[in-house]
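Engineer: So the sequence lines, in the order shown, correspond to chains A and B.
Residue numbers for the first sequence, in the numbering used here: 1 to 193.
Residue numbers for the second sequence, in the numbering used here: 1 to 193.
Among the hints, a few may not be true.
Since copy identity is lost for identical chains, a pair holds within one copy or between any two.
Claimed, not checked - Listed next, the in silico SDA-like pairs over lysine to any residue satisfying Cα-Cα at most 25 Å (straight line):
id, residue 1, residue 2
1, Lys190, Gly176
2, Lys128, Gln52
3, Lys177, Phe57
4, Lys188, Ser125
5, Lys92, Pro9
6, Lys89, Gly23
7, Lys2, Lys89
Bear in mind the hints are in silico, worked out from the structure with no lab data behind them.
Number of protein chains: 2
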Amino acid sequence: MKKKIGPRPIIFPMPALLVGTYGEDGTPNAMTAAWTAICCHDPLCAGVAIRQTRLTFDNLMRTKAFTLNVPRTSHAAEVDYLGIVSGKKEPKKLAVAGMESARADKIDAPIIVDCPVNLECALVSQTKLGTHTWFVGEIVETHVDEDALADGDVIDVPGLDPLVYITSASQYYSLGKPVAKAYNAGKKFKKNG
Amino acid sequence: MKKKIGPRPIIFPMPALLVGTYGEDGTPNAMTAAWTAICCHDPLCAGVAIRQTRLTFDNLMRTKAFTLNVPRTSHAAEVDYLGIVSGKKEPKKLAVAGMESARADKIDAPIIVDCPVNLECALVSQTKLGTHTWFVGEIVETHVDEDALADGDVIDVPGLDPLVYITSASQYYSLGKPVAKAYNAGKKFKKNG
């Protein structure tokens, strides 16, 4: 039996990424965003919803650049802090959280060094939807911690231990166990192999 | 130490949602999408990236409506199949996967009954980014399995057992253990409580 509960923003799971931008005076800033996704294969793009009242909104409009940074579960408290406190109130919030940043390679934004995966995104479009604007950036470079790489450039995801966000319950989780191989488990339904 | 690996579409984790639409003759269709996110608070919107060659693209352009459906880990193989086979090749793919649909309440799209959470989305905007178009829909209704609801309308997420998608490794996972409470764990960094 289903129950109708009205419009609700519930997708499970969500990531909890750090969006890195530079402030007007060059101070590195990061805010936590769960409303984010890859959104185009060619050109390769990522998108993120930013509320217009956020410092990240102002920064992004000015620099046309942002990074998306994937945190580990060990940084759950830092990630949470970067989501609940605005850079407008605490301009040095990254430093307060004890997180280190470095200038990105190809864009005018900071990567968050403590995060094992960092995507450099060059703004290509923005769509004002209401309270939030959907910013799309072309992914122009990716950084990965060497200890999160297995053979070649394959990412050791359990080793990376990414933080998982569960909305509605407002809870951070770890990743669980492998359930099935993608592009494979579904083949059993194919009539012609 | 960081290694640069070039532009890569790697965000961890991703959801693996089913996007429900109706075909021209009314046949319910679903495709799997990991490139999806909530993208506005007011109006409450969800977005999904759809490749222009997909049947879902044609359906969405015609009906201006789609559903987002959150599957359980027990449906990993079905979800995988719905991602690897196009409705253009197998118009009855939902039936082949043994999944049941029902007409949505407020829009012209099918909800996937086997999924414990279903969002009804009425198309409000579309942005062509390249190979993919980012479709945004206003969430106009949400259905939840009654057995996935705890007291009141709180969702029992571990009970719901949502499927987690890990790109790059192309692996479906289950949810792990609670790590920290959101909007709370970060308070320890706040100077003024």
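Engineer: Next, verify each hint and record whether it holds.
Structural biologist: Evaluation of the provided hints:
1. Lys190 with Gly176: Classified as neither: same-chain Cα gap 28 Å, cross-chain 31 Å, threshold 25 Å.
2. Lys128 with Gln52: Both: 9 Å inside a chain and 23 Å across chains, each within 25 Å.
3. Lys177 with Phe57: neither (36 Å within a copy, 33 Å between copies)
4. Lys188 with Ser125: neither (40 Å within a copy, 36 Å between copies)
5. Lys92 with Pro9: neither (30 Å within a copy, 30 Å between copies)
6. Lys89 with Gly23: within (13 Å within a copy, 50 Å between copies)
7. Lys2 with Lys89: Answer is neither: 43 Å inside a copy and 31 Å across each miss the 25 Å cutoff.
In the structure shown, a violation is registered for the earlier hints numbered 1, 3, 4, 5 and 7, in ascending order.
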